[in-house]
Structures are given as C-alpha cells and as structure tokens.
Amino acid sequence: MDVATAFRLQNLLYDSVRAVDDGRLEDWLGYFTDDCLYRITTRENVDQGYPISLVLCTNKQMLKDRVIAIRAENVYKPHYDRHLVANVAVRAAADGAYKVEASYVVYQTDLEGATELFSTGKYDATAIAAADVPKFREMVVTVDTFAIPNHISTPI
Amino acid sequence: MTELERLTFPSADFSRVPYGVFTDPANFEREQERVFRGPVWCYVGLEVEVPNPGDFLVSYLGATQIVLVRDGDGKLGGFVNRCAHRGTQLVRATKGNARDFTCVYHQWSYDLNGNLTGIPFRRGLHGVAGMPADFDMSQHGLRRLRVESYRGVVFATLSPATEPLVDYLDTPMRAVFDRIFARPIEILGYSRQRIPANWKLYLENLRDPYHAGLLHQFSTVYGLFRATEKGGTIMDKKRRHEIHFSVHGSDRAADTADHYTKTTFYDRTQGTLGYPEIFSFIDEPGRGGKASDFMSIFPNAVFQQLANSLATRQVRPRKVDEYDLYWTYFGYADDPPAIRAKRLEQANLVGPAGFSSMEDGEVGALVQRGVAWEGDAHSIVMMGGVGPIEDQPTTLTEMPIRGFWRFYSELMGLTVEEPR
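From first to last, the protein sequence lines are chains A and B.
Quick note on the numbering used here: the first sequence kicks off at 1 and runs consecutively.
Quick note on the numbering used here: the second sequence kicks off at 1 and runs consecutively.
In case anyone wonders, no lab produced these hints; they're calculated from the structure.
Heads up, a few of these hints could be off.
[Claimed, not checked] Under the rule of at most 35 Å between Cα atoms (straight-line distance), these lysine-lysine pairs were calculated in the DSBU-like manner:
1. LYS290/B with LYS60/A
2. LYS290/B with LYS99/A
3. LYS77/A with LYS95/B
4. LYS77/A with LYS75/B
5. LYS64/A with LYS237/B
[What the hints assert, rightly or not] For each label pair, taking beta carbons as the anchor points, the in silico distance ranges come out as:
6. MET137/B with THR115/A: 47 to 57 Å
7. ALA147/A with GLY54/B: 43 to 53 Å
8. ALA98/B with ALA147/A: 38 to 48 Å
9. GLU277/B with THR33/A: 46 to 56 Å
10. GLY96/B with ASP144/A: 17 to 27 Å
11. LYS99/A with GLY96/B: 28 to 38 Å
12. GLY54/B with THR33/A: 40 to 50 Å
13. THR33/A with ASP391/B: 43 to 53 Å
[To be verified] Heads up, incomplete: computed chain B residues facing chain A, CB under 10 Å, no partners named:
14. ARG92
15. LYS95
16. ASN97
17. ASP100
18. ALA197
19. GLY351
20. GLY361
Ideal Cβ positions, reconstructed from N, Cα and C, are used throughout, including at glycine.
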C-alpha cells in the first residue's frame with residue numbers, strides 16, 4: 001500500500017470522528033457506504049462469544065434513522081463529544097478493501113463544562129476507496145467501558 | 001430527629017412520595033437490611049446461565065455481591081461473596097466454573113455449597129501457632145442464601161421468613177413466566193448501564209406506563225407504542241409487582257389525532273424512517289398481538305417483551321444516587337434464523353443505546369438532580385386516580401407506582417400519615 005492511500009484511510013477515521021465531535025452527524029453519515037454495517041458491542045460480549053449489539057445498523061438507512069432519532073425524538077444527556085483516536089493501523093485486505101484498526105477514547109463534556117471519560121475501546125473497520133473517495137463498509141466498535149455511563153446517544 | 005425519622009408519606013394512598021426516599025443515605029443503608037435482606041425474593045439470574053455442576057455467576061442482592069452456583073448434585077445454591085475469615089471478596093470472575101472457591105488472601109477454601117473445607121496451617125507448624133483447637137469449621141462456612149427458581153428464573157433471599165417463591169410471585173406473574181419461559185432459552189448477551197440516580201427511580205419508571213407514550217417519542221411517533229392503544233396494568237394481591245401491556249395498532253385514528261397532534265412532537269418526522277422494519281414483529285405463541293409486555297417483580301427485576309426483543313433487567317443499587325442496570329438478552333434455543341435475526345435487530349430498541357430506553361436512565365438522573373436538598377418536598381402520583389390501588393384497563397396510569405411504595409414503606413417501617 002502506498003503512503004498516500006494509508007494517509008487517506010487514516011484521515012477517513014479522523015474526519016468521521018471529527019464530524020461527531022463537531023455535532024455534524026449528517027456529515028458523519030457521508031463516511032459510510034450504502035450497504036454499511038455499523039455495530040457497537042462490548043468486550044464482555046465479545047469475550048463470552050455473545051452476538052448481541054448495543055447498536056446494530058445493517059444498512060445506511062438504519063444509521064440515518066439513528067441520526068433522525070437523535071435529532072428529533074430521543075431524550076438524552078446534552079453533551080459535547082471529544083474523540084481521541086490512536087494506534088491506527090491500515091492494512092490491505094481482500095477485494096481491494098482495507099482494514100482500519102484503532103483505539104479510541106471518548107470524553108463527554110456537559111453543558112456546564114465538566115468533562116468525564118465516557119468510553120474507551122477499539123475500532124475494527126473495513127473501508128473501500130472506490131473513485132478515490134474512501135468510505136467505511138463496516139465499522140465494529142468494541143467498548144471496553146461496558147458499564148456504560150448512563151446511556152449511548154451520539155455515535156462512538 | 002434523624003433524617004430517616006423525617007421521611008413520611010404525606011398521603012395514606014401513597015399518591016405523594018417524599019423525595020427523601022431518593023436522597024437520604026441512611027434510608028439507603030436501611031434498604032440493604034429491610035428490603036434486600038428482608039422477606040423478598042430478588043431476581044439473581046437464569047438457570048441457563050449456570051447449566052452444569054460447578055457453574056457460577058456473580059450477582060447482587062441490593063448492593064451486596066452474591067454468588068449463584070450449581071453444586072455437584074446439580075442443585076442451585078448461593079452465598080454472599082465474602083470469605084468467612086476476614087471478609088475478603090471471595091470470587092472475582094463474573095462467571096465461570098469451579099470445583100471449589102479459595103480466598104486469595106489466606107487460601108481458606110470452600111466447597112460449592114459454601115462449607116469451609118480448608119485452612120492452611122490450621123494446626124500451626126511443629127506444634128506452634130495454628131487455630132484454636134476448638135475452632136469448628138462446620139460453623140464457619142459462607143453466608144448462604146435461599147435460592148429458588150420458577151420456570152428457570154432464579155431468585156434468592158437471605159431471610160428465613162420469605163414465603164415460597166411461587167406464592168411470592170402470585171398468579172398473574174406466574175402466568176407471564178409460564179408463557180415467556182415455556183421453551184428452553186438461550187442467552188444472546190449482556191449490557192450494563194451505570195446510572196446516576198437512586199435505584200427506585202427505575203422501578204417507579206417501569207410501573208408508570210403513563211410516561212411511555214410521552215417520553216419515548218421514537219416509539220410513539222413511529223407507532224410501536226401509543227397511550228391511545230388498548231392496554232392495561234395488572235398487579236398481584238399485594239400490589240408490589242406489576243405487568244403492563246399494549247396491543248399494537250389497536251388505537252382509533254380519531255383518538256390518536258385528538259390527543260397526539262396537540263403535542264409538539266407528533267408527526268414531526270412521521271413517515272421519514274428509512275428502515276421502518278425495525279418495528280415489525282413476528283407474533284409469538286400466547287402474545288395475541290401485544291407489542292409490549294413489561295413485568296416488574298419487586299424489588300429489583302423487570303422482564304421484557306418488546307416486539308421480538310426479550311430481556312431481563314436487574315437493578316443493582318450501588319449508592320443512594322447510583323445504580324447499575326444489568327440487561328440479559330435472550331431468545332429461544334429453537335429460534336428459526338429469521339426470528340433470531342429480528343431479536344438481535346430489535347435489541348436496538350432497548351439497552352444503553354435503545355431507541356425506546358435510553359430516556360429511562362436519563363429521566364432518573366434528571367429527577368435525582370431535581371430533588372437534591374428537597375427531601376421534605378414530594379412528588380404527585382395521581383394519574384389514573386387516587387384512593388384504592390387497582391388494576392387499570394389503560395396504560396394512562398401511574399397507579400402501580402403507589403403499589404410499589406405501599407409495600408416498600410411496610411418493609412422499611414416508614415411513617416405514613418393517617419387519612420384525614
């Protein structure tokens with residue numbers, strides 16, 4: 001893999017979490033393919049081999065509905081997100097796709113400015129770079145902090 | 001007067017709840033004794049989680065950690081997770097299989113029934129030191145629980161006075177267990193939430209179907225649950241447990257129009273869901289089209305059928321203003337692939353990120369914040385009527401909340417004003 005490709009895939013991850021941190025959830029959707037899988041699970045379930053997800057979107061419509069619900073219907077703790085993404089590894093996979101792996105930390109800041117650690121865990125993603133625009137075809141978030149502080153609203 | 005003595009229910013029908021029950025640390029401490037060590041059965045797990053001899057899992061009676069274990073004869077038992085020697089937490093894994101349990105501190109060991117079986121250097125060394133000669137190991141086992149199960153759902157109690165589990169559950173609740181657990185189940189996974197609120201705010205929330213069609217707007221707007229649908233609440237004789245249900249799509253368009261179009265949220269995004277299939281559910285034996293069926297068992301458990309999502313919810317109090325909500329998702333061992341996929345998909349509706357459940361933790365946190373330093377003020381629980389606590393032919397009611405408090409205040413010995 002050439003360095004330029006690796007950079008583009010790394011930036012795909014950085015740009016997508018930046019969209020969440022900026023509150024641009026509609027833009028965040030743009031980083032996924034139409035047939036994407038987005039899933040949040042926990043280390044507890046992965047270790048014990050259980051299939052449950054905390055969030056399971058098997059297509060982009062479902063991902064979009066999550067954003068609609070966050071904007072219009074769901075009642076949740078108002079907050080700002082801040083993602084720190086590290087240990088990013090990009091590798092070539094089958095079919096011209098790429099595996100993107102990383103660790104993350106998400107802090108949440110409330111409306112009075114107090115910041116707390118919300119979640120830490122890892123990303124296991126598959127991205128494609130058709131027509132030079134890289135997108136996620138699959139994003140599996142595995143949460144270490146599986147005693148979820150209150151609830152999950154905005155995407156990890 | 002101590003804080004605790006000031007806690008008084010101002011109405012004998014429990015239509016007003018003093019906020020101090022959510023904020024008073026002394027009350028929280030008394031709950032550990034009077035409720036969680038009192039004459040009640042607490043839900044602790046499912047038999048299918050400990051299928052083989054030696055299988056164990058760590059669970060809770062209130063804030064107290066316990067271990068549920070299947071012994072060598074296949075019988076269920078349990079004990080407080082504390083070494084009898086110096087009080088060390090004995091079992092550290094959350095679940096597993098063991099032949100015996102050994103404390104890390106001084107290697108005291110216990111069999112699967114909690115009997116003390118080994119003390120290193122019990123006789124000392126070369127006749128020096130050791131335990132007293134008359135130290136009776138048979139008198140120093142782990143603190144054992146009474147454990148009973150109904151239809152594979154396991155409950156525990158520390159009180160010798162607790163009535164048999166079948167009587168405790170009462171007829172309507174047993175009928176729900178008979179239906180939900182009619183076939184062998186399979187665990188699909190777990191989730192946990194740590195919620196900054198008093199644990200009883202969650203139990204109030206689940207006995208309050210009034211909120212469901214108003215707070216959970218995703219379900220309401222897109223039609224999984226509306227207060228205008230046919231539904232109802234059913235309680236046990238003592239009004240401590242509660243079931244509420246709703247029948248999907250059973251409301252009249254005119255009612256929905258009259259009552260919901262006046263709210264600010266209804267119809268705002270109607271019809272714009274990209275994947276409305278999230279709500280479609282496959283009717284299952286005995287449900288009769290009921291989209292939601294929620295059963296709360298005093299003090300700590302909820303059993304849920306929401307569309308095709310099945311789960312148990314266990315409340316684990318931690319501090320006066322913090323509890324863990326522990327979800328166990330399950331399906332049936334013989335689920336066809338389509339219905340299994342539906343259960344996994346509809347887990348989106350519940351749990352920490354649930355379309356129809358993320359709000360419940362949040363409103364608890366909001367109440368906790370709202371009632372701080374106002375222990376003498378009280379809430380109003382009158383929707384559905386005051387006076388006698390009865391079953392209701394509607395979900396527009398908070399009445400089961402009053403049943404919860406009636407039983408709770410009896411256990412706790414809290415003061416109730418005489419009717420005027």
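Self-check item: 40 to 50 Å as the expected CB spacing between THR33/A and GLY54/B, which holds or is violated
Solution: holds (47 Å)
Quiz item: Can the hint on GLY351/B be confirmed by a CB-to-CB distance to chain A that is less than 10 Å?
Solution: GLY351/B check passes; min Cβ-Cβ to chain A is 6 Å, inside 10 Å.
Quiz item: Holds or violated: is there a CB of chain A closer than 10 Å to the CB of LYS95/B?
Solution: With a closest approach of 8 Å, the LYS95/B hint holds.
Exercise. Sort out whether LYS99/A lies within 35 Å of LYS290/B, counting only the CA atoms.
Key: violated (43 Å)
Quiz item: Using the C-beta atoms of MET137/B and THR115/A, is the stated range 47 to 57 Å upheld?
Solution: Holds: the Cβ-Cβ distance is about 52 Å, inside 47 to 57 Å.
Quiz item: Is the distance from the Cβ of ALA147/A to the Cβ of GLY54/B consistent with 43 to 53 Å?
Solution: violated (27 Å)
Exercise. Hint says 46 to 56 Å; check whether the CB-CB distance for GLU277/B and THR33/A agrees.
Key: violated (20 Å)
Quiz item: Holds or violated: LYS77/A with LYS95/B, Cα cutoff 35 Å?
Solution: holds (32 Å)
Quiz item: If you check the beta carbons of THR33/A and ASP391/B, does the distance land in 43 to 53 Å?
Solution: holds (51 Å)
Exercise. Against chain A, run the beta carbon of ASP100/B and see if the smallest gap drops under 10 Å.
Key: It is violated, given that the least Cβ distance between ASP100/B and chain A is near 23 Å, above 10 Å.
Exercise. Take a look at whether the Cβ-Cβ distance between LYS99/A and GLY96/B falls inside 28 to 38 Å.
Key: holds (33 Å)
Quiz item: CB of GLY96/B to CB of ASP144/A, is that within 17 to 27 Å?
Solution: holds (20 Å)
Violated hints, listed in ascending order, are 2, 4, 5, 7, 8, 9, 14, 16 and 17; each of the other numbered hints is respected by the structure.
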